[in-house]
Amino acid sequence: MYRNLTIRQKQIVWAWAFLAIPVLFYTVIRFYPTGNAILISFQNWNLLGDRTWAGMENYQKLWNDPVFWKVFKNTFIYLLLGTPISLVLSFVIAYHLDKLRFMHGFLRMLYFLPFMTSAVAMAWVWRWFYQDVPIGLFNNILAGFGIPQIAFLQSTTNALPAVLAPAVWAGLGFQVIIFMAGLRAIPTSYYEAAKIDGVGWFTVLTQITIPLLRPTIVFIVVFSSIGFLRIFDHVFNMTTNNPGGPLNATKPLVLMIYDTAFNGFDMGYAAAQTVVLFTILLIVSLIQLRLLRST
Amino acid sequence: MSDIAPSADTLLMAKPAPRSRNMGQILRWLILFIGGIAMIMPIAYMISTSLKWPHEVYNVNLIPEEPTIENYTYVLEDGRFYWWFVNSIIIATVTTICNLLFDSLVGYTLCKFRFPGRTIVFIAILCTLMIPTEMLVIPWYLMSQSFGWLDSYWGIMFPGLMTAFGTFLMKQFFESVPDDFIEAARIDGLNELQIWWTVAMPLVKPALAALAIFVFLGNWTAFLWPLIVTNSVDMYTIPVGLSGFGDEADVAWELIMTGAAISTIPTLVVFLIFQRFIIRGVVMAGLKG
Chain A
13 MYRNLTIRQK
23 QIVWAWAFLA
33 IPVLFYTVIR
43 FYPTGNAILI
53 SFQNWNLLGD
63 RTWAGMENYQ
73 KLWNDPVFWK
83 VFKNTFIYLL
93 LGTPISLVLS
103 FVIAYHLDKL
113 RFMHGFLRML
123 YFLPFMTSAV
133 AMAWVWRWFY
143 QDVPIGLFNN
153 ILAGFGIPQI
163 AFLQSTTNAL
173 PAVLAPAVWA
183 GLGFQVIIFM
193 AGLRAIPTSY
203 YEAAKIDGVG
213 WFTVLTQITI
223 PLLRPTIVFI
233 VVFSSIGFLR
243 IFDHVFNMTT
253 NNPGGPLNAT
263 KPLVLMIYDT
273 AFNGFDMGYA
283 AAQTVVLFTI
293 LLIVSLIQLR
303 LLRST
Chain B
10 MSDIAPSADT
20 LLMAKPAPRS
30 RNMGQILRWL
40 ILFIGGIAMI
50 MPIAYMISTS
60 LKWPHEVYNV
70 NLIPEEPTIE
80 NYTYVLEDGR
90 FYWWFVNSII
100 IATVTTICNL
110 LFDSLVGYTL
120 CKFRFPGRTI
130 VFIAILCTLM
140 IPTEMLVIPW
150 YLMSQSFGWL
160 DSYWGIMFPG
170 LMTAFGTFLM
180 KQFFESVPDD
190 FIEAARIDGL
200 NELQIWWTVA
210 MPLVKPALAA
220 LAIFVFLGNW
230 TAFLWPLIVT
240 NSVDMYTIPV
250 GLSGFGDEAD
260 VAWELIMTGA
270 AISTIPTLVV
280 FLIFQRFIIR
290 GVVMAGLKG
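Protein chains in written order, with the numbering used here: chain A, 13 to 307; chain B, 10 to 298.
Just so you know, these hints were derived from the structure itself, not from any lab. By construction, the Cβ of each residue, glycine as well, lies at the ideal position given by its N, Cα and C atoms. There could be a bad hint or two in this list.
Here's a subset of chain B near chain A, in silico, CB distances under 10 Å, partners left out [as the list claims (entries may be wrong)]:
hint, residue
1, L60
2, I106
3, T128
4, V130
5, W149
6, S161
7, L226
With the sequences and hints as input, model every part of the structure.
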């Protein structure tokens with residue numbers, strides 16, 4: 013029967029044969045669970061009993077939950093601190109590294125190395141750094157200079173930046189590499205023209221380099237924003253004795269979801285939180301598309 | 010991403026015109042060098058502490074006075090790390106192979122075939138890029154529970170066997186495979202599966218390597234889903250195991266650092282061997298993905 017088909021018909025058969033398993037996979041492992049998560053968010057369910065219809069109850073509970081608003085705020089602090097800091101740092105490093113030739117590859121390697129580490133392992137290393145005298149490295153160094161010690165992870169004000177630091181550190185190398193590729197993609201003729209006109213380096217930077225880097229900047233901003241909005245590994249591992257603590261000072265949305273679902277077994281409430289996370293990420297992505305289109 | 014699309018190779022070559030070595034350049038080099046050393050300090054301290062005796066751990070010296078592998082012997086004799094390591098290797102390897110096969114097959118099909126439903130499949134897979142993993146973990150958990158997948162390799166692996174990111178990366182690279190090659194192979198009597206495997210795949214080897222690095226690293230360091238789906242200590246992956254190990258109150262910091270080093274050193278060694286290649290892969294994936 014196959015032999016009687018035209019070439020075009022054979023192609024259709026082959027295409028669908030190739031796609032059969034993947035289409036099944038995406039339907040069962042991606043789309044069905046998405047629908048299911050939205051459905052569960054409108055139900056009450058503790059895994060053991062029956063699922064009961066809850067309507068908007070979970071969302072109302074979320075709206076009136078002070079912990080949720082604290083977590084919502086934390087999540088955006090991670091985003092609003094982490095994204096600009098890592099963007100500026102990685103741009104400055106890439107901009108200067110791009111101008112160097114001596115041991116260029118070696119320096120690049122130093123900056124990229126943290127990207128290859130595991131977040132869990134590094135969270136524990138940084139957690140050790142942050143301990144009090146006589147354990148933690150940072151406080152031991154401070155003590156060596158006679159500076160009073162700093163409470164990093166125990167303080168409600170310092171804990172969030174302390175947790176954020178290793179997340180920024182680990183992601184920096186990737187952004188530097190992307191920025192350097194973006195810098196190399198700018199045609200040298202622009203710089204030559206600027207040189208002939210006698211334009212200063214600052215004008216070159218703000219009038220040529222940064223405008224032409226815009227697609228790269230948009231990509232990095234979106235990529236790192238999504239990463240900071242979904243922060244979990246670092247927070248969980250640096251605060252395992254009291255996840256998200258002290259007093260929820262470091263708790264991001266994903267940790268709240270994990271807690272509600274797998275410690276509290278309140279599946280409906282947790283599902284509602286995941287829908288909120290999904291909405292936040294969707295809005296951020298849509299803003300990205302708009303920014304990209306306007307270039 | 011940009012309208013000018015130079016290859017990853019030209020982007021990574023050092024600039025052609027040599028610059029004069031003035032004081033500014035030397036200063037710039039020094040500052041970047043110090044910054045780079047600072048970047049690797051956490052890794053250096055992790056390894057250094059894993060080689061220290063307990064009495065020396067709280068000393069800020071980077072070089073241990075009497076280096077010892079006692080901590081490694083202790084941690085590995087405990088046995089748990091050995092299993093977690095094996096679990097992580099198996100899971101990351103199988104997932105990577107699966108991604109390489111399926112992502113490239115789907116990418117190839119979407120790139121080179123014209124068939125009814127193509128646009129729908131394309132858009133559907135594109136949409137899954139928008140769905141965060143965190144939203145799916147609860148349904149995945151329920152699914153694993155009802156099918157008995159909890160606490161098994163399959164349970165840890167199934168969500169990541171194919172990725173939309175990998176599919177689009179491969180699709181982008183198959184665009185560069187000339188249609189004439191495929192047409193010629195068809196005339197030679199190869200079937201479509203043979204054409205994909207013997208003609209198209211060898212031409213996108215760099216992209217496959219880049220994808221392999223991303224998928225392997227992603228699965229080696231994955232934490233949230235393995236944490237949820239595993240219950241028994243034997244089934245933990247390295248990150249999940251390390252997290253629990255560190256949390257045991259009586260575990261000393263030098264042993265935690267040893268565990269952290271065991272989970273990090275393999276990826277660092279792979280990186281140091283294939284450095285140029287990996288950075289090129291990251292650039293390719295970043296620009297095209």
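So, going through the hints one by one against the coordinates:
1. For L60(B), the suggested interface contact is broken, since its CB lies about 14 Å from the closest CB of chain A, more than 10 Å.
2. With 10 Å as the threshold, the beta carbon of I106(B) stays out of range of chain A, its nearest partner Cβ sitting at about 14 Å, so the hint is violated.
3. This hint is violated: T128(B) has a C-beta 13 Å from the nearest C-beta of chain A, more than the 10 Å allowed.
4. Hint status for V130(B) relative to chain A: holds, with the closest Cβ pair at about 6 Å, below 10 Å.
5. Checking W149(B) against chain A by beta carbon gives a least distance of about 6 Å; that is within 10 Å, so the hint holds.
6. At about 16 Å, the closest approach between the beta carbon of S161(B) and any beta carbon in chain A exceeds 10 Å, and the interface hint on this residue is violated.
7. With a least beta-carbon distance of about 7 Å to chain A, the hint placing L226(B) at the interface is held under the 10 Å criterion.
In summary, the numbered hints that this structure violates are 1, 2, 3, 6.
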